[in-house]
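J.: The chain contents come next:
4 protein chains.
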Amino acid sequence: MERKVLITNCADAQGLISKITGVCFNHQLNIIKNSEFVDNAQGRFFMRTELEGEFNGELIINDLEKVLPSTSDIKLVSSAKKRIVILVTKEAHCLGDILMKAYYGGLDVDIAAIVGNYQSLEPLAEKFDIPFHFISHEGCSRAEHENKMVAVIEGYEADYLVLAKFMRILTPEFVERFPNRIINIHHSFLPAFIGASPYRQAWERGVKIIGATAHFVNNCLDEGPIIKQDVIHVDHSYSADDLAKNGRDVEKSVLSKALHLVMHEEVIVYGNKTVVFN
Amino acid sequence: MERKVLITNCADAQGLISKITGVCFNHQLNIIKNSEFVDNAQGRFFMRTELEGEFNGELIINDLEKVLPSTSDIKLVSSAKKRIVILVTKEAHCLGDILMKAYYGGLDVDIAAIVGNYQSLEPLAEKFDIPFHFISHEGCSRAEHENKMVAVIEGYEADYLVLAKFMRILTPEFVERFPNRIINIHHSFLPAFIGASPYRQAWERGVKIIGATAHFVNNCLDEGPIIKQDVIHVDHSYSADDLAKNGRDVEKSVLSKALHLVMHEEVIVYGNKTVVFN
Amino acid sequence: MERKVLITNCADAQGLISKITGVCFNHQLNIIKNSEFVDNAQGRFFMRTELEGEFNGELIINDLEKVLPSTSDIKLVSSAKKRIVILVTKEAHCLGDILMKAYYGGLDVDIAAIVGNYQSLEPLAEKFDIPFHFISHEGCSRAEHENKMVAVIEGYEADYLVLAKFMRILTPEFVERFPNRIINIHHSFLPAFIGASPYRQAWERGVKIIGATAHFVNNCLDEGPIIKQDVIHVDHSYSADDLAKNGRDVEKSVLSKALHLVMHEEVIVYGNKTVVFN
Amino acid sequence: MERKVLITNCADAQGLISKITGVCFNHQLNIIKNSEFVDNAQGRFFMRTELEGEFNGELIINDLEKVLPSTSDIKLVSSAKKRIVILVTKEAHCLGDILMKAYYGGLDVDIAAIVGNYQSLEPLAEKFDIPFHFISHEGCSRAEHENKMVAVIEGYEADYLVLAKFMRILTPEFVERFPNRIINIHHSFLPAFIGASPYRQAWERGVKIIGATAHFVNNCLDEGPIIKQDVIHVDHSYSADDLAKNGRDVEKSVLSKALHLVMHEEVIVYGNKTVVFN
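Residue numbers (full-length UniProt numbering), protein chains in the order written: chain A, 1 to 278; chain B, 1 to 278; chain C, 1 to 278; chain D, 1 to 278.
A couple of the hints might just be wrong.
Same chains, same names: a pair is fine if it fits in one copy or spans any two.
Stated by the list, open to error - Each computed EDC-like pair below joins lysine to aspartate or glutamate, with the alpha-carbon atoms no more than 20 Å apart:
1) K148 <-> D73
2) K257 <-> D159
3) K81 <-> D159
4) K75 <-> E265
5) K245 <-> D39
6) K257 <-> D230
7) K19 <-> E58
If you're looking for bench data, these hints aren't it; they were derived computationally from the structure.
Build the full structure now, drawing on both the sequences and the hints.
T.: The following block contains the structure:
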């Protein structure tokens, strides 16, 4: 018996759940878990169905297309581990957390490779026997640098790219190659403190909470669909450095929770938002 | 157009969602929100469906009974406000919070009456024009006292009794009259610090967290199905009194969240547990 | 035996704690609780000392001035209840929470009066026998409206003004009359979603967390020293209205916690920030 | 300039802060951070002072003994990294988290060695070049097994032993060798679900929150002074296995926070409790 996840996203109408689950029933598939959501403001229906059984994928999609609105977006995805390539700069906390969790089974992911624009994290990658590609951005244009990265990344046929504190801005051309497939951790509680030195900004403002945001990257800088956010309480005694140090813990925790959600097909992107079924 | 909530609880089987939503579709009912859960350990299926449309309740139940296993528990309940009677002793924080939230629309509930075994909270009830019944436990047996309360309570035809810091132990006879209809706030994070003086127990143990538990009352003292729990962080500087004072905030917050869930038919009791769809 | 709080705020130097506590010791005052903080970035020392004993206030201040840097800011304040005047518009949740907590002893504060630019909340004020002044902003200029309010407020000799969802912008002239004495609850996690309709902004952005901020009001709109912030987790299923409804709970909780801190002299304002000793 | 932490623990009396900080001032030491606490129920005074300057340790202690009550407990400790030996069984999540945080600077600790009663975690230790000692408990008595461990541990002159999911009960003889120097992570929110299979217990009880507790080990099983606790919210959809899986995240997070506190000399043990200054 196999397991798959069926993701349906279509215009709202009466009877959708009945029709979709009817097709599953006809295919003698067992529903392990089912979640729906209707965005009334946009008249949009979303459903995620975890199925178990013998799958004739083509036939199922076919049967679903017959009963659903013509513009429906239907995906039947395997629940096998997803492959990721991780992009990093110098900071180790997010990469280290992902490597360690993948190692002991706390995160279901297949780390295909790590790409760094500095060599700092190569020793860490080696500990876990993950290929590390050092691709310096120095002495080449942004486009040249990205092209070198793309060449390496495409060789790995990854499902997702994970920016684990990759501190360079990506061009629209790069982003468009991986639509809704690049996951970033923003070192701030978006939309506050967008851009550089968010912890210094937070310190200057005297905030009592700092946070982090994991989001898909699209072509509006810091503005892609948010997957997960979390915060910690801080106080006057935290220097800007203390905020950064404590912020790292939230960053890695939020990134790793977002990865868990995406890896389990629990996140549906629509417009600039996400539906997260968990 | 009316709104109702359909609650189904039956042995798990293939095709249940399809069958139930099929009946809803045949009745031209619109599904506003749907939630399911399968307890694999017990082979039990639970579904909560918010419906909108014209209801022929008897026919719907009838149609559902035809397609569902014979031992299914099917409820179609109105989404009108529930009526509660609140039982209190002397402490005002939980009662006050419920009264105030009901007043400004933060809690959808119809408070029919308040019953107190002391007179302390009568002035508070009067502020909000809620009938207050002072029924002292002094000079009468436990059974006599409860009989007096039952006489008053039954007159109000309440859906639920809420023990808002009612500090007396109820007899099995009383509890049996209101099966899964009595909601209690336990001034502790159950199952820790069961019984008397939980805050002193917590202080003596030096815990770094205190909490509260809202649960249905059954005949195992402090052991009924848990609806909601929450905690706050504390430290060495809290005296037992400070713990109690801060604990009150958690108590009222947890009780009010539990009431919100129960009032919106989001809680299904089975065995000594709850399924909470929210 | 009396209790007072000594607040010291001066340029940092060696021996300050020793000197200040030495003066307290010479006056035979018992230190109940002591908290210090040095802002190294600004070379500033802050200390809050809860004292018990017989106070000769003038002499103590005199003795402290002798041993501290000449620009020190020294306050010896009674721990008696503070008086507040509450300004409201139409929403009841923050006002209701303060009234109820003050009623049952969950908030140590003396509510002198309530001023509203609508009559909506007069019945709530009456329940608790607090004078309510309806001062409409209609048909008069902003300055005229504020002058009317000032005339009423000054009659009450309040320590603090509390804006409990007072939905009008105050002029610099008004704010200057009450320096660091106006406490506002901002219906957002500052500095995100500043200004109008923050819940709609949050919904459109698809955030997974919403929050509230209590701060002192100064003449930069939404920019005064932050006292307290808190957040709740939300998800895609919340409409903009749901965010607002749930946000109200955070608003009242944050405002009431901020009031608790300010009423107990645990907040020191300096520049655009606060030191919060608790 | 050096940094040290002065820990004072004595019977409460007037003037203690003044006397202690006076001695520091006389030694021309700069106070970086100061924290005090008086346990009024026990008449006990606690103070932690972070100092910077040139230290004549013996003379300072001497001067303090002159001015403090005769039974005072005075410690002047270096702020150098502490050395730990970690004891493990088979589970990798706590060990992995400590190793990774120590690697990237998220935890200030010097890991001298790892001792395991299984070989499972040796490869993980090797990745980080930490000596791993496999000391099986099989085929020997509890005392013999512990003696073998003690022989190895004592060779490392560790400040603390960390039980990172070490699943064996220690004898009083072992515990007495390391008084208040053994830190354990208990896979439960103490005092709930003490003992074996806490996640199954939690699942059977239907709790809505699970947690973990880091505590010093003394000779009352599961009853030593609590250092840190935390919880996560769960619901009916978590199986006992899901609770365990999610519980692991809390366990490692709580253990690592407790280590941070202990490593920075922020925890004072007295009786069966802790004062935690942070």
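J.: Hint by hint, which ones does this structure get wrong, listed from lowest number up?
T.: 1
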